[in-house]
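Participant: Protein chains in written order, with our numbering: chain A, 1 to 266; chain B, 1001 to 1794.
FYI, nobody ran anything at the bench for these hints, they're computed from the structure. Glycine included, C-beta positions come from ideal geometry on N, C-alpha and C. One or more hints might be untrue.
[As the list claims (entries may be wrong)] Each computed EDC-like pair below joins lysine to aspartate or glutamate, with the alpha-carbon atoms no more than 20 Å apart:
1) A:Lys40 <-> B:Asp1032
2) A:Lys40 <-> B:Asp1653
3) B:Lys1455 <-> A:Glu230
4) B:Lys1784 <-> A:Asp242
5) B:Lys1455 <-> B:Glu1655
6) B:Lys1703 <-> A:Asp242
7) B:Lys1790 <-> A:Asp242
8) B:Lys1574 <-> B:Asp1592
9) A:Lys227 <-> B:Asp1653
10) A:Lys40 <-> B:Asp1592
[As the list claims (entries may be wrong)] Some chain B residues close to chain A (C-beta under 10 Å, calculated; not the full set):
11) Leu1422
12) Glu1655
13) Gly1657
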Amino acid sequence: MYNFEYQKASSAADAAAKIKAAGEDGKLMAGGMTLIPTLKQRLAQPSALVDLGGAKDLAGIKVEGNAVVIGAMTTHAAVAASKDVQGKIKALAGLAANIGDRQVRHRGTIGGSIANNDPAADYPAAVLALGATIVTNQRKIAADDFFKGMFETALQPGEIITAVSFPVPEKAGYVKFPNPASRYAVVGVFVAKTGGGVRVGVTGAGNSGVFRAHKMEEALSKDFSAKAIEGMHPPADAMNADIHASAEYRAHLVGVMAKRAIAAAG
Amino acid sequence: MAPNDVGSTGIGAAVRRREDFRFLTGRGTYTDDINRPNQTHAVLLRSPHAHAEIVAIDAKAAKASPGVVAVFTGEDFKAINGLPCGWLVHGKNNTPMVEPKHPILADGRVRHVGDPVAVVIAETKDQARDAAEKIAVTYKELPAIVDMKAALKGGGTPVHDAAATNLCFDWELGDKAATDAAFAKAAHVTKLDLVNNRLVPNAMEPRAAIGDFDRATGEYTLYTTSQNPHVIRLLMGAFVLGIPEHKLRVVAPDVGGGFGSKIYHYAEEAIVTWAAKQVGRPVKWTSERSEAFMSDAHGRDHVTHVELALDKDGKFLGMRCETLANMGAYLSTFAPCIPTYLHGTLLAGNYATPAIYTNVKAVFTNTVPVDAYRGAGRPEATFQIERLIDKAARELKTDPAELRRKNYIKPDQFPYQTPVALVYDIGNYDATLDQVLKLSDAAGYAQRKAASKAKGKLRGRGIASYIEACGIAPSNVVGSLGARAGLYEAATVRVNPTGNVVVFTGSHSHGQGHETTFAQVVSDMLGIPMEQVEISHGDTNRVPFGMGTYGSRSLAVGGTAIVKSLEKIIAKSKKIAAHMLEAAEADIEFKDGKFTVAGTDKSKTFGEIALAAYVPHKYPLETVEPGLDETSFYDPKNFTFPAGCYVCEVEIDPETGVVEVQSFSAADDFGRIVNPMIVEGQVHGGLVQGIGQALLETCVYDKDGQLQTGSYMDYTMPRAGDVPSFKVAHSVTACTHNPLGVKGCGEAGAIGAPPTVINAIVDALSEYGVTHIDMPATPNRIWKAIQDAKAARH
Ligand SMILES: Cc1cc2nc3c(=O)[nH]c(=O)nc-3n(C[C@H](O)[C@H](O)[C@H](O)COP(=O)(O)OP(=O)(O)OC[C@H]3O[C@@H](n4cnc5c(N)ncnc54)[C@H](O)[C@@H]3O)c2cc1C
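Using the sequences and the hints, build the whole thing.
Facilitator: Now the structure itself:
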């Protein structure tokens, strides 16, 4: 780890001021589950770290109208345990409960996960499929406009995610095929049915990050059943490949996980 | 409890491990817990390339970096010997293996990712890291040699100039003509190509070393994470740095697991010891986990073709195999003996196969050196034999358990001379087979298979037998095979004046529970409670000598050395007792901690004898020396041969290829058992590692020699949730040539589990026509095997 200046923000506004003052080489830190290993391996050299851990206004879960609003600093464990999330969007609580391991779930946050946009992270699939809105200290960003390929998002330098607002669906299901080593998603499919139709978010699989499976969405909008997408899967050449899963296998798994997500949605 | 009632701590008692209190409460003392006054910290700069020439190293900026004490490169080690290899294998026509220098720091060429190039010594570890980044190394990259078959074709720059086709040795064992003749008359021949996947050992505690030099006495001390501190003293002192034994102390304190990877003498040990004198201060190095992946010796990595000849009744006539064994970039301490004398000699397995021939080619590649890893050679042999027999059974449509039974060496055939050099002293393979069939509820299998099918799952059942050669080994035998050391063990039993006992053993404990098991042996033989016994190990200045812990040898060899010393203690005590009781020595009986004149109630306790030995007032001083302290060296007469039979049931999701191990039953014969709880724990650990190899673990290099599995993000360690609750049982045939009748249990699980699991998977997939699957049987591989089999049918 290289040396850096450590600053603890007391609120979202304080964090915004501190990160602005830190300039180009400043970095926000949430749970640190991605950032700290990066620092330890000397892959990043921020001049200052602004720790969001003390910003109480960034954590917590509220039900607002027909939406569940989750503060950026809410940990995966808190989302998994929340009665509100369990009651309104059970699939989202289940997703959070299966992220990484116990230690990671008690440190990692929804804001950190989404800002990082790891192509194998779980939350992005839910954010896309549920048509969530990402709330920052500057604006509101629709899910469809937020994720920009692997590790890239619409966030501007210094912009802070404050919350994610999830509309409550009629039905939703998430099933992932975990990487046996890291437990990240080799393939994860989130299926959500709302008044507006069906959306399918796929993570882990695509070679340019999280994506929506539009053909499946069309088929499911007509008939929300596993049968409706039997045999459907994205083309292998749009898939990622690594030592754990070939592109063909990933494409196949998208189909299998989608069917299982529908079954899980009930 | 009566003073001498040791029933609860004697041989056979399931005593809880006494060492666990300090381990579980964080009170262990590991190498990294030790800090020497005025200590400095070393960081190694390692090669990012698999194969490259070092054109230039500019360390000026590093030397000027804050806190830096010294920077050393290969240039500084030019005049120092390389790391020695402890075993010289001769191949066909008595050709000695190619044995290139293994420099401490790269000497003009780097040969694997992680090969150490320079060392920075600084006031703090972070300062050393900062400085290491400032060393500018100019490399000229060379094509990497990764694939063994391609390597043997030669071409390009070989890994070592002395081996143009990267061949280290071409070794054979067995009667080729007799084996070929057996195949010529065979009614059926089964053939199989298989890979034994490369593994990274991953002990929980990473390696660490501290070098210290005392200018007043000229004595060096090395604290290191070793399974065998005396071996390190010998290898490093005599062969590398030229430090005589009396000026070199090696301490291996608590060590958090080794699995073989901490047997070897590593460059870092020599670097910190040598540098401590150069900089005049202690030097500490602790490996990081990602460093461990590219610098701890790896295990396995064989590519094999194997064939079995059977007669019309299913009797084995002959077996032959061709193996390529990866040595990696340099020869690690015991590397050459693993695919030869710990692998080729095991190819008879549990079977009376009359003719066996094997050929092993050892190959240099631009990868981390490969050496012994839990099982070492024996898992590779067992995997070949047991996969091959299973395939034969399937081809002949016979029950795989009965095909094995038909060919087992039978109890009345022992001692049994195999066609591949070993003589098995004793065993009963039918007994372990019967036991495992019962344990695994063979009778209820059809019902379980139907239940799985109803859920849409494929169920498979696999069986495998194994035998291993443990308790290594008779020194004259291994000497004739190329070992450059003896393989005896030493022990001192020191009885103190008030009757308590300290045992100094050369068998190092790093997870095996010796501090408990050895104390039970003492408790049992001397009739004193275990609390009065301390086991001391791991320090060359305390223990007389030791060859260390590996190959499941500690109890069979190290334990026997303790027994020999205890026998001497008892014999001497009888002389003292006879004098004190005014009886003839022949009339003294020793039982339950008491020396009694036969047929009388006149007796002395062990404690009274001990006191007399140190306060020799009424004592036979003319014939018996005072004191009660005895040392023995024990050289085993033969290997020991633990054996067993395992059954595993798996369920496979045909849609995803995911395997779930539903049950695993193990029936072992480890000879006599001192502590059944510890033995069961050793079996569990071995099984988890074996299942890990079969399903999860694999070390992958890409074609450029870059390590693809360099962290736990990609290298899959088995977790508790990956294995079922094990069913274990054992039967006993006592080893015939050591006094305890013990054989060893540390490696069995890792040897027997891989073929058992793969046999179960192939059984489950047999309805698709799948006949083999390589390890690890990942979901992707299984799914692909199903797709390929389906495609082949159309
Ligand atoms: C062993 C392991 C296993 C894991 N397994 C999974 C898994 O199965 N599935 C999964 O989805 N994830 C997994 N993760 C990732 C983890 O769950 C976290 O979500 C992730 O590390 C990021 O969250 P964090 O709070 O730790 O963010 P940090 O590491 O603190 O930050 C990550 C990045 O986001 C930025 N950032 C953080 N908060 C904000 C904010 N409010 N506004 C703007 N930018 C911000 C930071 O500047 C940084 O660039 C795993 C991680 C580990 C270490």
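Participant: Tell me the hint numbers this structure goes against, listed in increasing order.
Facilitator: Checked against the structure, the hints that fail are numbers 2, 7, 10, 11, while the rest are satisfied.
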